[in-house]
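Colleague: Sequence:
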Amino acid sequence: MRKLALKWLKLNLLIAVVAVLALSCKHTTPFQEEYYFQALGKESNLVATADIKKLNSAYPGSLATGVPYVDNNAERMSIALFKDEYKEEDVYPAPFTELKYYGAIEGNFSSFIGNTGLSWSKPFFKAKDTEVKYYTNTEASLNLAFPQNGIMLFASDSYPQAYEESIKNRQLYINTEDATSMASSVVSCYVQDPKTMIDLGFDLPLSVLLQMHKALVSVVEKEGVYYLEGKLEMRSEKLAKTMLTLLRNIEIQRLKKEGEKPNYTILGAMYLQEGAFIQIAPKQLEGTEVKTFVDKLSIISGGVF
Numbered sequence: 076m077r078k079l080a081l082k083w084l085k086l087n088l089l090i091a092v093v094a095v096l097a098l099s100c101k102h103t104t105p106f107q108e109e110y111y112f113q114a115l116g117k118e119s120n121l122v123a124t125a126d127i128k129k130l131n132s133a134y135p136g137s138l139a140t141g142v143p144y145v146d147n148n149a150e151r152m153s154i155a156l157f158k159d160e161y162k163e164e165d166v167y168p169a170p171f172t173e174l175k176y177y178g179a180i181e182g183n184f185s186s187f188i189g190n191t192g193l194s195w196s197k198p199f200f201k202a203k204d205t206e207v208k209y210y211t212n213t214e215a216s217l218n219l220a221f222p223q224n225g226i227m228l229f230a231s232d233s234y235p236q237a238y239e240e241s242i243k244n245r246q247l248y249i250n251t252e253d254a255t256s257m258a259s260s261v262v263s264c265y266v267q268d269p270k271t272m273i274d275l276g277f278d279l280p281l282s283v284l285l286q287m288h289k290a291l292v293s294v295v296e297k298e299g300v301y302y303l304e305g306k307l308e309m310r311s312e313k314l315a316k317t318m319l320t321l322l323r324n325i326e327i328q329r330l331k332k333e334g335e336k337p338n339y340t341i342l343g344a345m346y347l348q349e350g351a352f353i354q355i356a357p358k359q360l361e362g363t364e365v366k367t368f369v370d371k372l373s374i375i376s377g378g379v380f
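Sequential numbering of the sequence shown, starting at 76, is according to my numbering.
Treat each hint with caution, since some may be false.
[What the hints assert, rightly or not] Below, in silico cross-link-like pairs of lysine to aspartate or glutamate (DMTMM-like), each with a Cα-Cα straight-line distance of 25 Å or less: (1) K289 with D146; (2) K331 with E298; (3) K162 with E173; (4) K270 with E150; (5) K270 with E296; (6) K175 with D253; (7) K129 with E304; (8) K158 with D146; (9) K128 with E364; (10) K313 with E326; (11) K336 with E361; (12) K117 with D253; (13) K297 with E173; (14) K336 with E364; (15) K129 with D232; (16) K358 with E308; (17) K101 with E150; (18) K129 with E333; (19) K158 with D232.
Just so you know, these hints were derived from the structure itself, not from any lab.
Could you put the whole structure together from the sequences, leaning on the hints where they help?
Modeller: Below you can see the structure in the form of structure tokens.
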């Protein structure tokens, strides 16, 4: 009996030492030469990435999970939204509840501490009959794990598929120029060959959206002021001209609805066309607009963030 007690004591001491060592080590995302979210942007995936530290400097608690270990060490959150099949009768914009998702939170995480915490968490249990180690919460339709130091991977559906596509055998779909721009922003949304859109305040008809090849919209911060900027790539120069007219008309209608007289000189500079591309000039945002944008992203996961 005494030998058994000593054995357990040694085991507990070993676990305590490992935990202390893990906590004392600084862990960073395993993706140093590229960005994790570059592997999320395959065709029709709606990708969002947020610099959590930048957000929290202005809006404390943004994208919080409610788990202190994660929230205190998180640096970036990235997520891909998608459907397995798109149909003509689908609701547009797509309700969050109809979209599947997967992604990751990157930061100063120890995979040992993170996975140990999940193994002790009552809502989660270890998934069985799989080569990939992860934990699942069936009530919340959430699967997650810390596959490596520096990253927490999550998925609403197939965790093994998310691990395979975004970590183990990843392919990069977002080019370096766009990815660098996204990483330097506070929040960015990206989509290539969209089939739908979520409600983030962009009032574009589905027929127009389907003619778009690529879109990148970001919230950036300059000296404490927030701006919305971006670029669109249409399938042809003719379609870009049509989109330009539509965007300007949407802005005119918004101004008239708010009782303001459109300034056509300023309006002309808001959207600039070059071939099949449309550049969205930086537009200053009110603090409440930024918060609303972030809150809508928070709803995506059904409470993960």
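Colleague: Determine for every hint whether it applies to the structure shown.
Modeller: Comparing the hints with the structure gives:
As the CA atoms of K289 and D146 are separated by approximately 32 Å, the hinted pair breaks the 25 Å bound. Straight-line distance between C-alpha atoms of K331 and E298 comes to about 30 Å, which puts the hinted pair past the 25 Å bound. Only pairs whose Cα atoms come within 25 Å are accepted, and K162 paired with E173 is accepted, the gap being roughly 12 Å. The straight-line distance between the Cα atoms of K270 and E150 is roughly 30 Å, outside the 25 Å bound, and the hint therefore fails.
Between K270 and E296 the CA atoms are separated by roughly 30 Å; this puts the pair beyond 25 Å, and the hint is violated. Between the alpha carbons of K175 and D253 the distance comes to roughly 24 Å, so the proposed pair stays at or under 25 Å and holds. At roughly 17 Å between alpha-carbon atoms, K129 and E304 fall within 25 Å of each other, so this suggested pair holds. Of the supplied pair hints, the one linking K158 and D146 is violated, its CA atoms being roughly 28 Å apart against a limit of 25 Å.
For the suggested pair K128 and E364, the alpha carbons sit about 19 Å apart, so the restraint of at most 25 Å is met. For a cut-off of 25 Å, the pair hint linking K313 to E326 stands: about 21 Å separates their Cα positions. Distance check on the hinted pair: K336 and E361 sit about 19 Å apart at the alpha-carbon level, within 25 Å; holds. With a C-alpha separation of about 14 Å, the suggested pairing of K117 with D253 holds against the 25 Å cut-off.
Proposed proximity of K297 and E173 is contradicted: the alpha carbons are some 35 Å apart, above 25 Å. For the suggested pair K336 and E364, the alpha carbons sit about 21 Å apart, so the restraint of at most 25 Å is met. Of the supplied pair hints, the one linking K129 and D232 is violated, its CA atoms being roughly 29 Å apart against a limit of 25 Å. Taken as a hint, the K358 and E308 pair is honoured in the structure, with Cα atoms around 19 Å apart against an allowance of 25 Å.
For the hint linking K101 to E150, the alpha-carbon distance of about 13 Å falls within 25 Å, and the restraint holds. Between the alpha carbons of K129 and E333 the distance comes to roughly 31 Å, so the proposed pair goes past 25 Å and is violated. At most 25 Å may separate the alpha-carbon atoms for a hinted pair to count; K158 and D232 meet this at roughly 11 Å.
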